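J.: Chain by chain, the residues run as shown.
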Amino acid sequence: MSTTVPGLTSPAGRTIRRRVLPALVRTESLRLLRNPVPWLGLALSVWALWTTVPEPGEWPGSSYEGVTPTVAPLLFGISVAVATTFHRGRTEVAPAAPVQEARRALARLLAALPFLVVTAGFAALIGWREHDLGGLWLGMEPGRTTEAFHTVAELSQHVALGLVAVALGAALGRRVSRLAAVLPALFVLWFVAMTYWLFGARSVTPFSVIQVQPVPVPVGPPSTDPLSLPADWLLVGPPHTSGWDRQLVSESLAWWHDVWLLGLALLLLAVAWPSEGRRRLAAAGLVLAVLGVVGQQVVIP
Amino acid sequence: MTAAMTAATAQAVVPTARALRWAPPAGVAVLLLLVVGLAGSSGRPADTVLAIAAAGTAATVVGGLHDPAAALLAPVPVSAMRRRLLRLGLLGVPALVLWWVLVSMAPMTVHAGPGPLLALAACGVAVAVWAPERVAVLLGAATPVAVLAVDRVAPAGSTVAEVLGWWLTDPWWVLGAATLVCAAGRHR
Amino acid sequence: MTTTAHSTPSPSTDSGTMLAADGITKAFGSLVAVDDVDLTLGRGIVGLLGPNGAGKTTLLRILATVLAPDRGTLSLLGMDPASPAARTEVRRRLGYLPQSPRLYGGFTPLEMVDYVAILKEHTDRAWRRREAVAVLEAVGLGDRMHKRIRTLSGGMQQRVALAAALIGSPDLLVLDEPATGLDPEQRIALRSVLAETAHRGCVVLSTHNTAEVAALCQHVLVMDAGRICWSGTPAELAGVAEGRVWESDVEEPTALRSWLTGPGTRRHVGTLPSGTTPAVPTVDDGYLLVTRLSR
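Residue numbers (this note's numbering), protein chains in the order written: chain A, 1 to 301; chain B, 302 to 489; chain C, 490 to 784.
Okay, chain A solo, but in the shape it has when bound (with noise of 0.2 angstroms):
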């Protein structure tokens, strides 16, 4: 008796490896999009957002600070529904099979980018309803703004944000046996991620995950007379703070804070991939949060 199977040497065979990847991707994508939890942060997101308006009265920059971690519930859900994903690489399943667990982790991966789509869109929605409000409030007289906008830089960090959201979920979800465990850390990660002023302190800043913009930057004593200092600062000063600031928007800042979470989200993925590829991921994410580090290190005034 003689049969011949087609190998996947052949051109036969390669273009069913390629067509493998795809149908994984989608398979996997449907299931991750099914799950309720991601669009439930969503839905908490924005009625977060929408509830951040400036108000008389308010501490100089509040409502602008507020606006960006409207976005940790929507992180958060990402990472439940991707832990959830790549918890199931825990059981093995088909272990002959000739998709190896490192191409579905790939696969698992390449199904969560659609949510990178939707922190992009969430970003969006940031910009459109700031423009509705018309702006926010920045600083106080006389550095005073009532337009402020956040910045295509600032804005570009939920989409960063998004993919340490899925990296987040995929390193827990495959390393943590249990996924009522992975719950709670989740969710103190990304809550505590939230609290973007534990970040204040200028060492601790370039390690912030949600970073908030402005940045103070002390430019005199109280008794400093603010109509000195250049027109076109905004200002913050007693009795919000113990001197004058300068409440600096940095754009560099937040390009090279982006770095440092694609670093992050690198190592992340590191520990949530199989043995084959996880150096290489590794040694990426070190150079590029050691860059982001540096380079905001830089930057800061």
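Just so you know, the hints here were simulated from the structure itself, not pulled from any lab data. Just so we're clear, the structure is a prediction, and the values are computed from it rather than from any experiment. There may be inaccurate statements among the hints.
[What the hints assert, rightly or not] Straight line, CA to CA, 20 angstroms or less: simulated SDA-like cross-link-like pairs of lysine to any residue:
hint	chain 1	residue 1	chain 2	residue 2
1	C	Lys636	B	Leu321
2	C	Lys636	C	Gly595
3	C	Lys636	C	Leu683
4	C	Lys636	C	Gln675
5	C	Lys636	C	Ser658
6	C	Lys636	C	Thr577
7	C	Lys636	B	Ala370
8	C	Lys636	B	Thr317
9	C	Lys636	B	Pro369
10	C	Lys636	C	Gln588
11	C	Lys636	C	Arg689
12	C	Lys636	B	Pro316
13	C	Lys636	C	Arg591
14	C	Lys636	C	Arg619
15	C	Lys636	C	Arg618
[What the hints assert, rightly or not] Cβ pair distances, simulated, as ranges:
hint	chain 1	residue 1	chain 2	residue 2	range
16	B	Gly466	C	Asp525	45 to 55 angstroms
17	C	Gly505	B	Pro433	33 to 43 angstroms
18	C	Pro573	A	Arg19	53 to 63 angstroms
19	A	Leu286	C	Gly518	18 to 28 angstroms
20	C	Asn541	A	Pro36	51 to 61 angstroms
21	C	Arg781	B	Pro433	33 to 43 angstroms
22	C	Glu725	B	Pro433	52 to 62 angstroms
23	C	Gln588	A	Arg19	32 to 42 angstroms
24	A	Arg19	C	Thr669	28 to 38 angstroms
25	A	Arg34	C	Thr766	50 to 60 angstroms
26	B	Ala457	A	Trp128	16 to 26 angstroms
27	B	Val394	C	Pro573	43 to 53 angstroms
28	A	Glu55	C	Gln588	57 to 67 angstroms
Every residue, glycine too, gets a C-beta built ideally from N, C-alpha and C.
Start from chain A and add chains B and C according to the hints.
T.: Here is chains B and C on its own, set in the frame of chain A:
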């Protein structure tokens, strides 16, 4: 409760402690200590951080109810509720110690008592007792998290925010109510 | 051993009745998993056969007091498990092996069995230790009782779970597919362990293996679509196919069921065509015929 049952529960303490997974609670504890330390250095009131800590700790304690051998142990005379209480006791004591440490590290806190932590944990346990078996612990662990998440984003002064804030403003009442719900499901 | 479809349940074990179910029904939403089942069982081993989804696991979970029936009455060891106090008493004398038992990977088999013994309220440490060692040896794990469970093979883990079910010499043993993952030698060892238990109590086990049933069980129940559609001895089950099974080299359109038994040879159950010589029936043939006829 019979003497045999009491003796059995007492003797089950050590093996149950060994059966528990301690790495996730330890990880969450380290994270919370770091965060509260960070909050302390910022000099701002740490109530938000402590609220997150309460929900995170409560979710971790409820998550500890997950028993991989539950199917095998289902028909033993020491009931599921007694086994739950044993696990809660084993996880609850270190959780309260952690809470005490966090509160002592946190600056300018209003809600320093263990009430909010106990209230959230009790709500989670109540959900875990009554939810369908397959997802009971997951839903139970999600409860403190969900309560805080919605509480944080709900507009201040709204009815939703007020009701969801009871765990913080009236924790002992919430604890009492959740305990009654748990007691009603003692045979589950 | 008594097994009847519509008998009056006995209130105590003195009369030999260890398990009596009357009109037991359990539904999950619109799916009726167990539908009006009546049972009376005494000492001995009862095998529960049936296709996937027939309701065997649900019935066994009810008999193990893990699941409460929606309707019907149940008496286990002369007690009604619907009452919490009686249920606890039943559980002291019951052993249960679930379909996919999960264990604590960080425990050794000895620690796991000892832990289950504590939860069965055996508080005498010396007795527990002796008994745990004895059941582990009985299931052939005497030399592995100090290894971590996560390092054991699937078959060995199954035997640890079986040992946990056997601890305390239960009067009622409920086993859901106990032979899964066991090699032939272990299966034979399992038979002798169960036969010993059956001397003093009642063993109810589900299986897909008809050979296992023929070798081990004094009585067989065949379940399909939530109902017990046949009850009798293994020989009687084989006898159902008497004169209704035959072999040929070709397809038989009149057969209820046909399958290949070897190169070119087909075996059929159904109405024997005239002029055909019937084959010697097996439990397999009887089972296939019963499940086909019940639909």
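J.: Hint by hint, which ones does this structure get wrong, listed from lowest number up?
T.: The structure conflicts with hints 3, 5, 6, 10, 11, 19, 20, 22 and 27, although it agrees with all the remaining ones.
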